[in-house]
Structure formats: C-alpha cells, structure tokens
Amino acid sequence: MAPANMKRPSPSDQAHSLLEWYDRHHRRLPWRLNPGAIAQGERPDPYRVWLSEIMLQQTTVGAVKSYFDAFTARWPTVLDLAAADVDDVMKAWAGLGYYSRARNLKKCADLVAEEFSGRFPDTEEGLRNLPGIGDYTSAAIAAIAFNRPSAVVDGNVERVVTRLHAIETPLPAAKPEIKALVKAMVPTDRPGDFAQAMMDLGATICTPRTPACSLCPLNDGCLAYQSKTQERYPLKLAKAEKPVRIGAAFVVERPDGAILLRKRPLKGLLAGMAEVPTTDWTARQDGADGIDGAPFEANWLPRGVIVHVFTHFELRLSVYHAKLDIPPPQSWWWADQNLLGEEALPTVMWKAVAAAIPSLGKRSGKKKKT
DNA sequence: AAATCGGGGAA
DNA sequence: TTCCCAGATTT
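In numbering that gives the first Met the number 0, the protein residues as written are 0 to 369.
For the record, the hints were derived by calculation from the structure and aren't laboratory data.
Incorrect hints may have been included.
Simulated restraints on C-beta separations [what the hints assert, rightly or not]: (1) 234 x 330: 44 to 54 Å; (2) 296 x 124: 51 to 61 Å; (3) 308 x 202: 15 to 25 Å; (4) 255 x 209: 45 to 55 Å; (5) 240 x 266: 22 to 32 Å; (6) 303 x 36: 16 to 26 Å; (7) 303 x 58: 44 to 54 Å; (8) 307 x 85: 18 to 28 Å; (9) 332 x 29: 26 to 36 Å; (10) 237 x 306: 19 to 29 Å.
Note that the Cβ used here is the ideal one computed from N, Cα and C, for glycine as well.
All chains, please: the whole structure from these sequences, using the hints.
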C-alpha cells in the first residue's frame with residue numbers, strides 16, 4: 000500500500016491501471032468481442048450490445064447467457080426481432096423476470112426498425128429516448144458499441160467508486176457525485192473497455208462482501224482500503240421488510256395431461272404472462288387456504304404450499320390439483336404438458352404446476368439449446 | 001423520493 | 001437467512 004503521504008493517483012492514472020488489469024483478466028462472454036478485436040478496428044454489433052444490456056439489468060451474467068444465445072439464434076438482427084410476434088418474445092423471455100423489459104425490448108426494436116431503418120442511435124442522448132433504455136443502459140451502449148466517452152454507472156461501479164472515495168452519502172442520494180467522479184476517469188481512447196473494466200472489477204474483486212483488495216489495481220488510491228473500511232461502502236438506506244400475501248392456485252389437468260392456462264392482465268405484476276387460475280393474492284390474510292376460491296367445482300386435491308419471493312412481497316400459494324375435461328372458458332386454453340416450456344409461464348406458475356405434477360420438475364428448454 | 005417490477009446465485 | 005445483481009418506469 001502507498002504511504003499515507005504519497006499523492007493519490009490521478010483519475011487518468013487510475014483508469015490506466017484499471018485497463019492494464021482488464022487486459023490481463025479479460026472475460027469471454029457471448030456478447031463481448033475477443034481480446035484485441037477493437038484494436039483491429041472491429042466494433043461490437045449494437046444490436047447484441049443492446050440486447051445483452053437489457054437482459055443484464057438487475058440480472059446475473061449466468062442467468063442471461065442461455066437466453067442471449069436463444070434470442071440471437073432466433074432473432075439475429077433488430078429487424079428480425081421487430082418482425083417477431085410480441086407473444087413469442089414474451090414466451091422466450093419467460094423465466095428471466097422483470098417482464099416489462101421484454102415488452103419494452105419489442106417496442107424498442109419496432110421503433111428502431113421503423114424510425115431508424117434498423118440502426119440504433121449512436122449517441123447517449125439518442126439512445127436514452129428509446130423504451131427500456133435509461134441512464135445506465137444509454138451510457139453503456141454509447142460507450143461499448145459506439146466508442147463514446149460516456150460515464151457508465153451500474154451497481155458495481157457505485158460500489159467501486161464509493162469505496163475509492165469513501166463516500167459517506169447513502170445511495171441513491173450519492174448517484175450524482177458518483178457519476179461526476181466516473182466522468183473524470185473515462186479515458187478518451189478506450190471508453191467501452193473502461194466501462195466494462197469497472198464493472199468486471201466490481202463483479203470479481205470489489206465484491207459486496209470480503210473484497211479482494213490485495214488484488215485490486217486501484218488499491219493504492221482507495222480511501223476505504225487505506226482505512227480498512229471497504230465493507231462499510233456503499234452506504235444505503237434501510238429497505239422495508241416484505242409483507243406476506245396468501246392465495247390458492249388451481250392446476251387443472253385434462254386426461255391427456257394438458258394444463259388449463261389463462262393470461263394475466265396487461266398491467267401490473269407478471270403483466271401479460273400465462274398463469275394457472277388463482278385466487279387473488281391480497282384478499283386472504285385470514286389464514287384460509289382459498290379452496291372456496293376455485294374457478295369451478297371439481298375434486299380438488301391439496302398438493303401443498305409453494306413459496307415464491309417477489310421484489311416487494313412474499314407469496315404463499317396453496318396448490319390444488321384436479322383432473323377434468325371441460326371446454327376452456329373464454330380466453331383460457333389447454334396447454335400441452337410437453338410444450339409447457341414454450342408457454343409464457345413465469346417461474347412462480349411453473350412452481351405451482353410442478354407442485355401438482357411432480358414429474359414435471361424444473362422448467363426445461365431454457366437452459367439447454369434445443 | 002418512493003414504489004413497483006422476478007428470479008436466482010453466492011456466502 | 002441476507003444481499004444484490006450491467007435498472008427502468010410509474011406514482
């Protein structure tokens with residue numbers, strides 16, 4: 000560690016050290032060019048950069064990979080995605096979460112195809128006006144795909160910078176200060192690599208718990224490290240505790256194994272996705288299991304309770320199972336049990352079906368390519 | 001500024 | 001268990 004009286008590295012010194020580290024620890028990812036490709040004058044495909052950034056919002060790299068491969072195989076260009084049916088896009092997104100991302104993805108593809116002849120805007124401002132693209136994503140695409148010197152700030156970068164400067168302001172109030180500090184670091188020659196390097200540093204070295212400071216290329220200028228208070232940052236406001244909601248789910252199985260599904264409303268939680276019939280999830284706080292909320296009379300067999308945790312509440316669904324052959328009510332449908340993986344079934348609904356029919360197990364067809 | 005919106009991996 | 005992840009949008 001640098002002596003306390005030594006001058007801290009300048010922002011551009013730090014950026015240089017970081018890029019040196021990045022070149023030695025480059026991670027190969029499906030949406031990333033191979034090392035040295037940019038030096039050869041190659042540019043990433045803006046469509047692939049955009050798609051990966053939308054998928055990666057609040058989502059881990061490991062969860063995204065198979066979805067990215069499936070999307071790019073099925074829709075290789077933004078024009079292909081614009082030509083797709085939005086319901087097919089929702090089905091392909093099923094399981095990845097935050098489904099408004101998928102709707103905005105489709106809206107954005109349509110807009111780029113129709114208004115911009117299939118070419119993404121090449122500035123941060125132009126990108127920022129597209130659906131689903133906010134402060135982070137517009138900066139990231141501008142830097143990575145178009146070599147613009149934008150300040151890219153995600154959760155990783157917030158952690159790195161608040162530690163580097165020992166910022167005492169809690170998030171999210173500290174965001175403007177962080178943005179300004181990053182802006183001062185951005186190297187004009189390799190802004191895209193710099194952005195990805197900052198995020199890689201946060202993901203692999205400057206981790207939330209027990210960061211590997213001894214391996215960090217920025218440790219000699221890090222105020223938190225110098226005072227051994229790394230894990231104190233970033234400061235955050237306390238979050239509210241999650242309430243519990245209770246309801247019941249009804250898995251109806253036809254003699255041939257088909258499952259009765261319906262579509263959720265286009266607004267709100269899991270908007271426009273498929274579900275098995277359920278009671279509503281707020282009315283029952285009284286401990287009743289919801290059997291009287293069944294969509295119709297049948298020989299309902301209890302199949303236990305599934306628990307699913309959403310962002311702001313926990314859901315406990317009592318699952319009931321019945322074998323029945325009826326004409327589906329208006330706008331409901333029978334889904335072939337072997338093709339459930341191709342329905343727009345969110346994970347919580349998959350859990351409910353699997354509780355009633357254990358042989359279904361986990362969702363198939365997403366992790367492996369067909 | 002606060003609430004809404006999924007799901008899973010890591011420790 | 002707890003944390004939080006390449007956040008955006010609405011209220």
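So, going through the hints one by one against the coordinates:
no.	hint	in the structure
1	234 x 330: 44 to 54 Å	49 Å, holds
2	296 x 124: 51 to 61 Å	59 Å, holds
3	308 x 202: 15 to 25 Å	23 Å, holds
4	255 x 209: 45 to 55 Å	53 Å, holds
5	240 x 266: 22 to 32 Å	26 Å, holds
6	303 x 36: 16 to 26 Å	52 Å, violated
7	303 x 58: 44 to 54 Å	29 Å, violated
8	307 x 85: 18 to 28 Å	25 Å, holds
9	332 x 29: 26 to 36 Å	34 Å, holds
10	237 x 306: 19 to 29 Å	24 Å, holds
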